[in-house]
Amino acid sequence: MKFLDNINRRDFFNWGIRGIGATAFTSLLASNTKAHAGLKHDTFPNFTPRAKRAIHISLVGGMSHVDSYDYKPGLDKAHGKPLGSNEKPDIFFGQVGQLRRSDFKFKQRGQSGLWLSSMFPNIAEMADEMTVIRSMTTNSANHTPALFFANSGFEFNGFPSAGSWVSYGLGCESETLPAFVVLGDKRGGPNGGASNWTSGFLPSQHQGVELRTGKTPVRDLFPAIDQQEGSDKAARTFLKRLNTLHADRNGLDSILSNRMRSYELAARMQLSVPQVSNIKGEPEHIKKMYGLNESRTEDTGRRCLLARRLLEGGVRFVQIYSGGPIGGSPRASWDAHENVKENHSVEAGRIDKPIAGLLRDLKQRGMLDDTLILFTTEFGRTPFAQSKANQVGPGRDHNKYGFSCWLAGGGVKPGISYGQTDEIGWKTVENPVHWHDFHATVLHLMGMDHKKLTYYHNGIERRLTNVHGQVVNDIFA
Amino acid sequence: MRQYGLNNPFSRFILFAIGITGTISIHSADFDQDIAPIFVRSCVECHNGFDLKGKLNLSQRNSALKGGKSGTLILPGKPEESLLWNKIKNDDMPPDKPLDQKEKKLVQDWISEGANWGTNLKLDPFEFTTKKRGGYDWWSLQPIKRPNQPDITKSAKWVANPIDAFVLAKLKSAKLKPSSPALPRALIRRLYFDITGLPPSAKEVAKFVSNPTNEAYKKIVDDLLSSPRYGERWGRHWLDLARFGESDGFERNNTRNNLWPYRDWVIKAINDDMPYDEFVRMQIAGDILKPGDPVGQKSVGFLVAGLHNTVVGGSEFMKKTARQDELEEIIGTVGQTFVGLTVNCARCHNHKYDPILQKEYYQLTSAIAGVFHGERNVSDPELERQRKSLLTQIESFSKELKLIENQGRQTVINKRSHGKETTMPKPPKPISRWEFDNNLKDSIGNLHGKAKGSARISGGALLVDGNESWIETNSIESSFRSKTLEAWVELSNLNQKGGGVIGLQSLNGATFDSIVFAELEAHRWMSGSDGHSRTKSFRAKEENFAHQQPVHIAIVYQEDGTVIGYRNGVQYGKPYKTNLQEFFKGSSQVIFGMRHKGGRNNYLKGKIHRAQLYDRALAPNEIAASAGVESSFVSELELAAALSKTKKTKRMALKDQLTGLLARQKELGKGSKMKIYTVAARSNPGKVRILKRGNAMDEGEIVRPGAVSALRTFSSDFGIKANASDSDRRKQLANWITHPKNPLFNRVIANRIWHYHFGTGLVETPNDFGFNGGRPSHPELLDWLASELKTNGQRLKGLHRLIVTSNTYRQAAAPREEGLAVDSENRLLWRKSPVRLDAESLRDAVLKVSGKLNFKMGGPGFRDVSVIPNNGTTYYEPIYPIGSEYDRRTVYRFSPRGGRSAILDTFDCPDPSTTAPRRAVTTTPLQALALLNNKFILNKADAMANRLKAQSNGNRDKQIEQAFLSAFQRNPDSEEMLLAKRLIEDYGLTTLCRSLFNSNEFIIIN
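Chains C and Z supply the protein sequences, listed in that same order.
Each residue of the first sequence is one higher than the one before, counting from 39 in this note's numbering.
Each residue of the second sequence is one higher than the one before, counting from 505 in this note's numbering.
Isolated chain Z, as found in the complex (with noise of 0.2 Å):
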């Protein structure tokens, strides 16, 4: 950066100016030294080319001599009769900083002597840095040379890589000296909770310590970095910068249910190490960069994951703005995050700091004129391969449940039948049979059903509703003459009439024998067929039992026409004669749930927890044994009773497991299609117009796609015509921003990498490198690490290695005085300044150390706030539903624009209504009481109690062991444990778990 002074830049013009006047004296006010600099620091800003005041333009010689509006400006050699004067004299300008004496007699001087300013000479208000702004020459815009390591300390024990060169250099000349290396307990911890974001095991510690070499650290990174927790982790930094919001903000901040695909996508494209142009260049163009592929619909959810104005108003004033604030509001965060270029200020005038001109403001609104926030259906092959491998997942589960199961009810039955003499035969093999379990698949044959109407698996049986609900299977692949009907079923009541349970039909249904429920007479069991052409009454008791338990019912067709019923393995009623009916292979088909295809009152209310098909006539002892193994329905109690511990315990969790995979199942529904809350894009925009003083309604020169010259060393017109499309636009803002010779691209992200390992950047604004954002501590270190990602094909991983394996990373965080003395900020990095967890760290941390993290990743947010809709606006309220889905980590929380806990409120969570470069970190008394009361702690405070009782057989020292293992990983000195003891015998362990939550040792990381 150059300022005005002695050594001017003007200076260059002044040899030109004489030689154009050809004389040489020396003037009390010289152009170039002294009235260019006031010129361009107080008057072009207004009076300039691009923007008009008072029609007065300043920046040249010829129209800066003839004025504006109120006429001639400057008279040579007469201050007096000059406008110029007159104005600057009496402070009527510079309308808002007058200047001071000595500017003012330069002026005065300047035009007394004759007014000289070189023919050509054009100031440009950007040309240089002046005390008040940037020019071109702004350090952050120059290009990247990867500077050499200081060479002082090539020697120096302390550098483990350049990095600590670098800082070193800077500690030397501030003549300070870098802390020791932090002990192992500490470096491990702040490496867990800064990679993940989640706090070591006590074990994983433990054998750190035990062997805290260099080798050991540099494996644990790497298996760090490899962790999916790693993902979850920087995902939710790079969420703040997209100001990712699951609601739409303003009056009526709708809830945004489908935005989470882009939060998933980030996850994972950060667990991927994907190339870090890549990452850009798709959240900004994916959709078209990868037309058709859903993923590219999930990461532009970035340009419209901020707040979006639903209630516009009627006027056409009112819309228009509303819509330039749309843009505003994507292209400002596009600028910051990226580029770290405050391009929005440029809205209604050039840019008050930066050399960002009103026109390219506009210029990179036309580049995004095609976004609009929406909502999109994609096909999702991702979706489908979840399908998949779920349903591989709840097989495998089911068959091992169904191992346990069965061994369970073969003991109990086993036991039934000890002692008593039984005949009873194998059980007959039919030629189909459905389980039901959890499809429904034929698993003998190649019967398998289809579901129709509401009709599904649940709980082990298949459920029908009575309407319109049924499964039909393929058709059957023989033809049946006689044959044996068998199913165990269930009825939801017993006042039901003529649904069937099981039934072969001929393919339209116009002929069939079903075993049905109560058609003809009520409560009781008969073979529909047909108009009744071979039903007959089985004159048999009133079914009374099967609304409460299932009852094995079977129907016999035997060769001759005889038709025989039995339930529960014996004779229902009498058995009957009528005629056979054949069912021919090709053109008939089995049906559940219902009597037959055309019927009125068809349907069966209730489960079908098996069902059976033989191609033969049953003899009784057949059917009794396979009523036995299954009619002897074994219940809860038994089969519990029955299993060791082990398979208990492994059973109920895989329930539970099959639980939630069920329900996972449910979620991603049937449809090849997902909702995506995504860039609903206009392929063509049509032309964009610069907005006078940004007024919507005052439109003025139409501009080309494009982006900020300042940046001189590329090009930054797009080369496409005002109106070109939207995918041109987009992918030329994409290509500009990500362009190899763009130095901004990689400056940015590399002071944001270090700016979350360290808690301040390299350079402390992450979202402004312009001029009133902060210089960098050190320049050459920014742009060697710049450079370092160029060179490693922009892999961020590779960035965080390098950064947490230096030596300057790796310090003790203790305070020392003499680095407090002459930079308490530690801007120089003479310690590792100590971090306070963020709010989402802590409560992931809470969870990870009370034994309830759940570690599901991706979804929809889990939602611990109600949503109330009240009268066309939304209200968010906090809640604290129990159950491990709430139990995941924060970054899976949905996350509306208001409404949070105070857990999130108090440790400076920030809302999302704009991008968030950096986090306050504040301590409130309000902090302590959330952190003390909030219910999400004392529920957690209590299930970590709960989990060390279980652990500890009521051994107390074991319990405060384990306790401050999980906590701290650490054990307890005498005095904590003296202390720690008395507090749970009068308190209880719960009160432990609750102050160990709110110490400073779990809270502050060294």
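So that you can see chain C by itself, here it is in the shape it has in the complex (with noise of 0.2 Å):
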């Protein structure tokens, strides 16, 4: 074991609750290379975070901003005219229909006075700690890109998505529980699966892992055939002999020390795991305030609650999806290209109460302070139909010039609104907070900044935001 000082700077062990930067390493080569991946960056937090952890909500297909988050009584107004304009916007049929207003309505909340509209009872109820992003704008008006974009700065398979990206600079809070978890829709992955959880060039521990029900939660936790009774304990203490003697005859370098450790955590994890998601033991109360008793709200129910007991657990980053693959019918997203009345009611209905309940707990247990809630889609919706141009249609096409997303908790200006779409909420036209800046912003609140947070891969440092991001500034409490 002599080595082992110099050998431990040198082969950091990937897992627990280091993020990058925590390593020093020798090499005569250092100072005059500059690509050492992964190893010469400055240390995480480089601030005082406001936010330790975060539950990002991902609603899948394109929430109408119109219909929900973005009061637009100028829509109200236009109902039944064209939208007249000459340009041939970027949506996805290219269908023009007339202007349509919306069919939910809208009051005012809480304290703040927050419009927003009755197609989320619940959340609205809780107003005055939201803080709602009306001017969000994205690159492309195509689902799966676009899922991409507001997951990982890139409209491309194989980007680092956000989640890993918090995993690489944070590291997790816990040794025994993975950093980033996934927690998906009951109906399906999202388009694109599980290359929106990625770590892409990131090393693979970044990689969000996903937590599913029944008696594995995370794959390959206990034997995928039952074995023998105690077997696991005999052969894990034969196996750590089996290693001990053969570092005596090797010497104990850093990626053998690391192997050993990580068969003990494994074994930590055979019991963490199933503790932080097993429910049952929660109250009746707190599992009703969840949805768990209703069957539309039981899925979200259940992974809302799950996400509390994640972060309780350390976690660092939860993602909840919401809505499965696109298409089909009926639509098990929010791709409502049909009908969003008859869409939107459903797929809210499913979110509503859980999120509600969410934003409560984690409020009555003090968590809200330093939790982040992100509630975002990766596009909104057209405010004029996807219908012939004489005719005012049900349903709306994709919209990536002006949609809203909100968040709560963890060091935002709770009940207020930010950024503006036009009248008729077509176009952001106010403080456009782009994908890039979204992120920027959300790295900012965990304290990375995120013009720092970057990894060497073919040539050029990577970031989340790319070459771009803003911080917006002004959404901070």
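Be a bit skeptical, because a hint or two may be false.
As the list claims (entries may be wrong) - Interface residues of chain Z toward chain C, partial, derived using beta-carbon atoms under 8 Å: (1) 1224; (2) 1271; (3) 1424; (4) 1429; (5) 1438.
Claimed, not checked - Computed list of lysine-lysine pairs in BS3-like fashion (alpha-carbon distance at most 30 Å, straight line): (6) C:126 - Z:824; (7) C:489 - Z:601; (8) Z:823 - C:465; (9) Z:582 - Z:606; (10) Z:1439 - C:278; (11) Z:1154 - Z:1179; (12) C:490 - Z:591; (13) Z:824 - C:426; (14) C:253 - Z:557; (15) C:271 - Z:1453; (16) Z:626 - Z:636; (17) C:126 - Z:626; (18) Z:956 - Z:892; (19) Z:593 - C:490; (20) C:271 - Z:626.
Derived by calculation from the structure, the hints in this document are not laboratory data.
Backbone N, C-alpha and C define an ideal beta-carbon position, used for all residues, glycine too.
Build the complex: two chains, separate frames, hints provided.
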């Protein structure tokens, strides 16, 4: 064991409570080599974080902002009129019908007086905790690239998602849980599947870990084929001795000791994961608060409750999906090309109560102060109907020019809205917030300078924010 | 690389400037010394000839003085009135990183002193390397000069070849010594994993350990390099670079079922040691260089192995952007893979770090503008060759199998007849016989069959499905008068009607005699004929057996018109008399499975095991004899009992092999064409324009196909027109990349080879030899290796041989304190760093050690994922099917994007979304969980335990010894033996095998 000090500096263990920068290393070439992937970096957080952890609720398919979080009296007035523009908008199907007012009623909520619609009655009660950004914009009006963009800042497969970047920067608060956990809609994975929570070129420990229901919530947590009782423990004991003998013969390299340690943590994980994912012990009133007692909210309710438990266990970033695959009939996502009222009522009904319950629960536990909640969708929907030019159909197409997302907790100014779309909710006209800005802001809230959180890959010091991103300071408390 | 400093390269311009002005005065701010570097570093990037921000060009004196959109920039002598000074003073410019106080002062002084500038001096932002970016003088762009070996070490004992001399010189300068040589067992394990990706056998290790000489080592090196396993291992490395993925990615992520020919091409090319320049040319322009040869279509799979967006959206902007993204993906991979240049970074602006112009990026995309993703049907001589060899194999195996089975049958029959009196004559000799074991051939005469419909051989019989499936032969070679038709036939069911078993017919089917089942009478055999003109009832019993077992049916047609039926060797009902029909040579043929051509309810449903034709009427005892041979159908049980153990095993093995071969034959299909996912080239892709700021809708000037001019020793101009053909463009691109004067071409590949042998390259960023990449730890060694490649005819095997026979490579892996203290990353190579098995090698090693590895090469990949299309998106989920097909090497795995087992995921196998030149090596608890609990691992632990049990006759010590020998190629020591014994006593051998798979010794290779 005599080289251990040096060894640990060289080849650090890829797990646990440290993020990047926690390790130094010895190299003669360090000074004249720029590219030391993951090694020559600032330590994070690089300033006092407002939020220590985050839950990201991702609505798949494109939620209509003009029907939910972006009140547009101008659209009511313009109902049935043409868009009145010669442009060929970059939407998806390209049919520009007449403008259509919202089928949902808006009113002012809470002390703050935020205008919110009847689509999310329970969440609306939490208006005074919310910071609504009404001036989001994105690059693509196409589901998968847009969802990739919202997750990773790029439209393509292979770039690390925000949760992976957070894991890379901050690590986990627990050694026996992953830093980044994904909770999928039970109707199926979002378009693009696991590519949405990939660690891309970041080391694999930063990949989102899917937590599923059932006996083995994390894959391969327990033997895939039943083994004789006690054999696991016996195998591990034998293995430990075998490895020790091996190290005695060959010298203890850090990679050897790290592997040995990984087996100890694996054993602890077999206890901690089932513990955290078992919600049976939660009191009835809490379960009810999350909507676990109703069939339509059971799926999301369970996941929201799980998210809180994961955060309590030390997980850094939890992602919850609302919506499965794009396409099909009836739709299992927010992609309301046919009928916004019908589709959004169903989708909102699945998540409204659970998310409101989550906000309340976090608040009553004092967790909301340093927990950031993100509620996003890959793009919005058009204020005009997706129908013939002389008709007001019930569906809406994709809108990349303007849409809404909201944040809560973790150091954002509650009960405000930020930015504006035009009178009818078609395009952002004030304080545009692009995904890069959104990501820069999230990283900032978690104590990281988005320009410093970099990883070298094929010629470029990559960032979550590419070469863009302005922190939206105005929404900070 | 040069940097601005006291010896700065602009000093030569000082003299020039003095010459112009004719005055010698000491300024506090000198243009060349002070100002030019500031301009080059901080201003010219945006304000230059190519990309005029604010219409300002600061790279030349006149334009600089003139200023841009905002008016005059510099008033010599009056900084406070100069826009330049005001912008700089207020930190408006440069926008991101303002100048520091010292720099500001210099600019201010320079303006105060008259803003002097040499009249013809043009600042080229790429001229020199600065602190922030690389210039034309960047190290990797300079020509390769073969360096001399360092003198000091020529006599050193340690130097086995020049590699060691270069390494030793560096070590000496850091006051380090190389490590002692690795022990023979460690060395040989290292070599096997490194070259073949598989562990050696215990025997192979023992052999070397008993005679660990240099000669023995070199012999093993040669053997391994000529083993096909080498191409599989190093082909896998190449596929990482090629971002080889068998689904489209993006929204649909559809499977790509026909990209595997590219993977097979790579493995073969590497095994054949194809010269590297040819290897590269083939991947860029193989379809052009070898027109009509499918090999070219396979090799250019490289270009389109990456992502493909198949849902591009409706608007023009979306479509154009998607195409531009596709081109960037391709040219980015080409640039990084072959020349280590991240050309893709120059899509929206000039490269921020390397001397690559935005214009040059578009010249390069023009070179590949004809490349599109697609599928092509190609004729494949290789496929033909495979089919033929398969057929030969099938025939020889069947022959062998039949020999064994016939012997067994004979034994059974002999036993049966033993003690019985038998007067049975020898079976008569037919003129034609169809065995239907593996083919439709006439094994005596020339009346070979041709299949119609879905008629096919299956399980040693002709299978006809009653649905217009039948066999016809060539026309008969002599005419028939009297005759005998005979067949062993099994019916699918007894309720079918009118199907023929065997018959003779005129070629148009108008005249025929056939053995027919149940045409006129249900469940009864008859002799069918045209218009029933020669058909009468045999008045026999109903058939009630032929659907369970084959029956022997024969019909004899005598010269006098008598027709006699036989079933299982005895007369069937009563004979009858009719007219004899003659069948004439050249105009008649034999048919099976059909009554006659043109009939209704014509087809048989069942199996014909064998059939024979005689040109005479057989006597009753002859029929009995003939039926006796085979009709006494020997059952599987009887046959198995009659065979010796060796024969039985041999028979099973042959049957297994035949099943595999027949399946493969089916896979290969019938047609001479195969589908390949490849470049669907457009021969005239048209002119390409620069896109301003990379915006697909904002077109600028037209560019001609070309490359990067920063490589100055040869031309980057392809010498072809902007609207040149796709073939001219790609040929020229291939030529530029592989040009003998392109220094990057060989430097990059030499570094890659080194990287895979040592875990870290001499340059640690194998895809990036630019400013953002790593600097070479041993620049001379890199150039020496590159020039070695040049002189040996671009043969990579030669390079491998040099590297693995060096003493640098053969060092021990043990850590040493003094080494760790100064160079913990081992960049100076004071030892051989231990290597954690990559995901594929780990899986392959588990397969080999468990005894399950299937060495089958090539063909479509095995699928250990379920493919679930769900509403327009395809999802892939790992599954764990059992069977030898799934025990092939991991390189033959069907590899879609997303959806892999935890073994591949947690052991850092990259998702093939981008080119992956360097894999991370992580250690996590999730990895431990996967290796302990994954179904694949548990299955193989079981398989290994079963193998050991079968080999050891219940001897536990032997089982443990064999387990250690298989996994580690050494015997257990006494403590290990004791512990292992206790473990298997309580928890079985499977638990021991599972533990060994998880051990450090199994996974970390010293």
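Now for the hints, and whether the structure bears them out:
no.	hint	verdict
1	1224	28 Å, violated
2	1271	5 Å, holds
3	1424	4 Å, holds
4	1429	4 Å, holds
5	1438	5 Å, holds
6	C:126 - Z:824	15 Å, holds
7	C:489 - Z:601	13 Å, holds
8	Z:823 - C:465	22 Å, holds
9	Z:582 - Z:606	19 Å, holds
10	Z:1439 - C:278	22 Å, holds
11	Z:1154 - Z:1179	37 Å, violated
12	C:490 - Z:591	27 Å, holds
13	Z:824 - C:426	26 Å, holds
14	C:253 - Z:557	61 Å, violated
15	C:271 - Z:1453	23 Å, holds
16	Z:626 - Z:636	20 Å, holds
17	C:126 - Z:626	44 Å, violated
18	Z:956 - Z:892	21 Å, holds
19	Z:593 - C:490	27 Å, holds
20	C:271 - Z:626	74 Å, violated
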